[in-house]
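Undergrad: What follows is the residue order along each chain.
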Amino acid sequence: MSSQNTLYKNLNQYQLVELAQKGDLKALEELLRNEQKNIFATFSYLSNKREDVFDLTQEAMLKVAKNLKNLKEPKHFKSWLNKIVTNLFYDELRKCSRRPDTLSIDDDNDTCGAHSIVNSIPDTKCKPNEKCISLELEEIIRAEISNLPGQFKIAIVLRELQGLSYEEIADITKSSIGTVKSRISRARSKLQDGLKSYI
Amino acid sequence: MENLSCGQVIALLSFYIDEKLNSNLMKNIEYHLNTCSFCRNKYMQLRKIYDNYADIKSRIEEDNDEYIVDDAIYRNQQYEFFKENLSAYIDNELKTEDNLRVKKAAIINPIARTELKNMLLFQQTLHMAFQKTKNNLKKDFSGGIICKIRDSLPKFNVNSDLSAWDKLINMLSNFLKSRGIFSNGK
Ligand SMILES: [Zn+2]
Chain H
28 MSSQNTLYKN LNQYQLVELA QKGDLKALEE LLRNEQKNIF ATFSYLSNKR EDVFDLTQEA
88 MLKVAKNLKN LKEPKHFKSW LNKIVTNLFY DELRKCSRRP DTLSIDDDND TCGAHSIVNS
148 IPDTKCKPNE KCISLELEEI IRAEISNLPG QFKIAIVLRE LQGLSYEEIA DITKSSIGTV
208 KSRISRARSK LQDGLKSYI
Chain S
59 MENLSCGQVI ALLSFYIDEK LNSNLMKNIE YHLNTCSFCR NKYMQLRKIY DNYADIKSRI
119 EEDNDEYIVD DAIYRNQQYE FFKENLSAYI DNELKTEDNL RVKKAAIINP IARTELKNML
179 LFQQTLHMAF QKTKNNLKKD FSGGIICKIR DSLPKFNVNS DLSAWDKLIN MLSNFLKSRG
239 IFSNGK
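Note that the protein sequences, when read in sequence, are chains H and S. Going by our numbering, 223 is the number at position 196 of the first sequence; the sequence numbering is gapless. Going by our numbering, 232 is the number at position 174 of the second sequence; the sequence numbering is gapless.
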């Protein structure tokens, strides 16, 4: 299978973006494969509706694939990707409920119908000496974050999960750096408060 | 009774407070402290620190590590500044001088230090949760997305088997390499 191609596996994000922008679909596929867990996790913390997370993830990936050629600086990929994710989430907030048929890549109604479109990823269990938290705690943290007011959870997720700078977050959320600073600080206090008995 | 010098007394003060000296020496120091105001002052200061420390220690034991030192002296302006900027501090988003002010507060102020420690612990837990969530995705959508957009790209032939194509290119480039001609595969 094409995913076994080690050449692409050894390329970094910047190189993959550059190749993908030149029309290299295998580079694009590898890039999407590398980013999907990240996108999935981001939506998991932003959206209160668990059932929407898969759709949102695929929608974001499709947007990335379609619009990558418009990205001017490959090194700004991460920030650009998060802008797409955040904007999709804003759309989601505006909509009251999702239409069930917005996008369904899971369906076989496309040109690649013959083989399974959605492959499964092998389980990555916690290694014995790795620091791990329980499933329960992860769910509690996810609930605490996704229940924060919209702007607060966007700020804390972009910072803690995506590692973006205050400047990048300010740009994505169209707010000032001071606002971002205070949102992140307040989000942390709220979360620390809510998680006091668990951590 | 032996006469101890001030230097000797001060060197022995902490042992004296802990009552770790023989009775003869204990008496000698006691005598000196009654007669020397300089050493008595030193003794009082040290005694106060020790009592404070014992107090904090007993509170730690009482509250099972979640102690709050309610000393008003620590809730000062420096602490307020610390609290306001702790979040940006751990994000490394402060100006150098503010960064130093926060760091200094964490060194001097035990409440601030505890809060910094808790904040880092909290952050570590968040990151572990994120890692776990990432691994909750058991599906690989990337191939499907590529299929979706391949149609919209005219220069790619939908019907060509890309992996077979790659094998062919690999074979070609290996052949060329074996002949000493380098090929980048295109
Ligand atoms: Zn003396």
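Possibly wrong hints are sitting among the right ones.
What the hints assert, rightly or not - Distance condition first, Cα-Cα at most 30 Å in a straight line; then the derived DSS-like pairs of lysine-lysine:
#1 S/100 <-> H/96
#2 S/78 <-> H/105
#3 H/217 <-> S/162
#4 H/223 <-> H/99
#5 S/141 <-> H/223
#6 H/201 <-> S/162
#7 S/190 <-> H/102
#8 S/197 <-> H/122
#9 H/93 <-> S/162
#10 H/93 <-> S/192
#11 H/223 <-> H/64
#12 S/197 <-> H/223
#13 H/64 <-> S/162
#14 S/175 <-> S/190
#15 S/153 <-> H/53
#16 H/90 <-> S/175
#17 H/110 <-> S/162
#18 H/102 <-> S/141
#19 S/175 <-> H/223
#20 S/192 <-> H/49
#21 S/141 <-> H/201
#22 S/197 <-> H/49
#23 S/85 <-> H/217
By construction, these hints were calculated from the structure, which means they are not laboratory data.
Undergrad: Looking back at the numbered hints, which does the structure fail to meet, lowest number first?
TA: Result: hints 1, 2, 4, 6, 9, 12, 13, 15, 16, 17, 18 and 23 break, sorted rising.
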